[in-house]
Amino acid sequence: MKTADNLLTIAVTGLNAIDSPGPGIAVIRGLREGLDRPVRIIGLSYETLEPGIYMRELVDKTYQVPYPAAGSAALLNRLHYIHEKENLQLVIPNFDAELNNFIRISPELKAMRISSFLPTAEQLGARDKINLYRFGKEHRFLVPRDRIIYSPAELKECAETLGYPLVVKGKFYDAVLAYTMEQAEKAFYKIMAKWGLPVIVQEFIQGTEVNIAVLGDGKGNTVSAIPMRKLYITDKGKAWAGITLEDASLIRLAHDFISATQWRGGCELEIMRTKNEELYIMEINPRFPAWIYLSAAAGQNQPAALARMALGEEQPVFEHYEAGKIFIRYSWDMITDINAFHQVSGKGEW
Amino acid sequence: MYLRKNIATSESGFIFNPSTGDSYSANPAAAEILQLLKEGKTVSAIRSHFLEKYEVDPVRLERDWDDFFNQLKEAGLLEN
Numbered sequence: 000m001k002t003a004d005n006l007l008t009i010a011v012t013g014l015n016a017i018d019s020p021g022p023g024i025a026v027i028r029g030l031r032e033g034l035d036r037p038v039r040i041i042g043l044s045y046e047t048l049e050p051g052i053y054m055r056e057l058v059d060k061t062y063q064v065p066y067p068a069a070g071s072a073a074l075l076n077r078l079h080y081i082h083e084k085e086n087l088q089l090v091i092p093n094f095d096a097e098l099n100n101f102i103r104i105s106p107e108l109k110a111m112r113i114s115s116f117l118p119t120a121e122q123l124g125a126r127d128k129i130n131l132y133r134f135g136k137e138h139r140f141l142v143p144r145d146r147i148i149y150s151p152a153e154l155k156e157c158a159e160t161l162g163y164p165l166v167v168k169g170k171f172y173d174a175v176l177a178y179t180m181e182q183a184e185k186a187f188y189k190i191m192a193k194w195g196l197p198v199i200v201q202e203f204i205q206g207t208e209v210n211i212a213v214l215g216d217g218k219g220n221t222v223s224a225i226p227m228r229k230l231y232i233t234d235k236g237k238a239w240a241g242i243t244l245e246d247a248s249l250i251r252l253a254h255d256f257i258s259a260t261q262w263r264g265g266c267e268l269e270i271m272r273t274k275n276e277e278l279y280i281m282e283i284n285p286r287f288p289a290w291i292y293l294s295a296a297a298g299q300n301q302p303a304a305l306a307r308m309a310l311g312e313e314q315p316v317f318e319h320y321e322a323g324k325i326f327i328r329y330s331w332d333m334i335t336d337i338n339a340f341h342q343v344s345g346k347g348e349w
Numbered sequence: 000m001y002l003r004k005n006i007a008t009s010e011s012g013f014i015f016n017p018s019t020g021d022s023y024s025a026n027p028a029a030a031e032i033l034q035l036l037k038e039g040k041t042v043s044a045i046r047s048h049f050l051e052k053y054e055v056d057p058v059r060l061e062r063d064w065d066d067f068f069n070q071l072k073e074a075g076l077l078e079n
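Residue numbers (numbering that gives the first Met the number 0), protein chains in the order written: chain W, 0 to 349; chain V, 0 to 79.
One or more hints might be untrue.
[Claimed, not checked] Examples of chain W residues toward chain V, derived with CB under 7 Å:
{"id": "1", "residue": "Leu-244"}
{"id": "2", "residue": "Glu-245"}
{"id": "3", "residue": "Asp-246"}
{"id": "4", "residue": "Ala-322"}
{"id": "5", "residue": "Gly-323"}
Think of the hints as simulated: they come from the structure by calculation, not from any bench. None of these values were measured; they are calculated from a predicted model. In this text, a Cβ means the ideal position worked out from N, Cα and C, and glycines have one as well.
Generate the whole structure from the sequences, applying the supplied hints.
Dropping the structure here:
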């Protein structure tokens, strides 16, 4: 019989299991299944209707945390409060936008005896969309050519150098394919209004998209790499179903990436494989993808492995996984009570 | 010409390419060809086997054969 002595309390963000989901729920499933001790999950949420808050079979208690824009001091302040109540041992942030704050406060978290397993601020910055081309050149990875622009007047030069169609991207999110100057200008204004400047204009690479969930130990070793191809895509471009692949060239690319960057933690490489079998890195997401539970299903439980490494435990490099494992997302009308919603919205915890 | 080593096939004619995630359905005759290819039989041995086993016009077999192998090649399921 296990006792509460070995209870592991882990705080996790990204509970928005919606049509464009955060990875939190998938991470929690991995943690619950992959760690050989009782786990208490503390959800950290931004919105009152993040479904994970109400999924009591997965999340024991949830606390609202301040939006990333409130800064790292506000986050630390809130975590102090949560830690006093819950005695957290580990925190796993799962959103791009919150990573900077968590990295900034990681020394304080360490002093509070809360572990984390995050990339450095330099690693985070180097793979940023704005720096991706430079990053690719430096490490000899194939990446699409791009231009970082601040005015629609620069689109003409982009079209001349990169050719149509152009991929017009926001600095955080969103991408629009533009086949004409008119479409490019429209996309520029739309993206600028939503995400601000600069806007990234990228060369279009034709091919098959493959994603790789990768876990690095921070010393250049790849603990796990699981390639996945989307089988069903939502109108937001998110995978609604996907399948694990077996491909040595994809695994090699993941290893090369980890060894070049010494990446610490989970990440997702978005790859485009061209007809000529070239592998372009289209984007590097600095956290686990929303489909990360597939890594556990395929035999390499990345969230649990990250937790072990964060706690300073032995984590061997995974060697095998199963190709042909499929995930299929589904939607489900969960029922909760007004009282629960009231606790979350009124008291900021439930 | 061989079927790539990592290609998974079933007796019912299901084909799965684990490198790309693509899957296909083959009819019974095609499934039998794939099974024989997997067993390491040569292309000419399989062709003779088909001519012996089934009542099939050699010209028709030739045409269907080329068509089928072109499809396999197109799908990236073959290697030399």
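Outcome of the hint check:
1. The interface hint given for W:Leu-244 is met, as the beta carbon of that residue sits about 5 Å from the closest beta carbon of chain V, less than 7 Å.
2. A least Cβ separation of about 4 Å between W:Glu-245 and chain V falls short of the 7 Å threshold, and the interface hint therefore holds.
3. Taken as an interface hint, W:Asp-246 checks out: its beta carbon lies about 5 Å from the nearest beta carbon of chain V, inside 7 Å.
4. With a cut of 7 Å, the hint placing W:Ala-322 at the interface with chain V holds, because the nearest CB-to-CB distance is about 4 Å.
5. Among the interface hints, the one on W:Gly-323 holds; its C-beta lies about 6 Å from the nearest C-beta in chain V, closer than the 7 Å criterion.
Every hint from the earlier list agrees with this structure, and none is contradicted.
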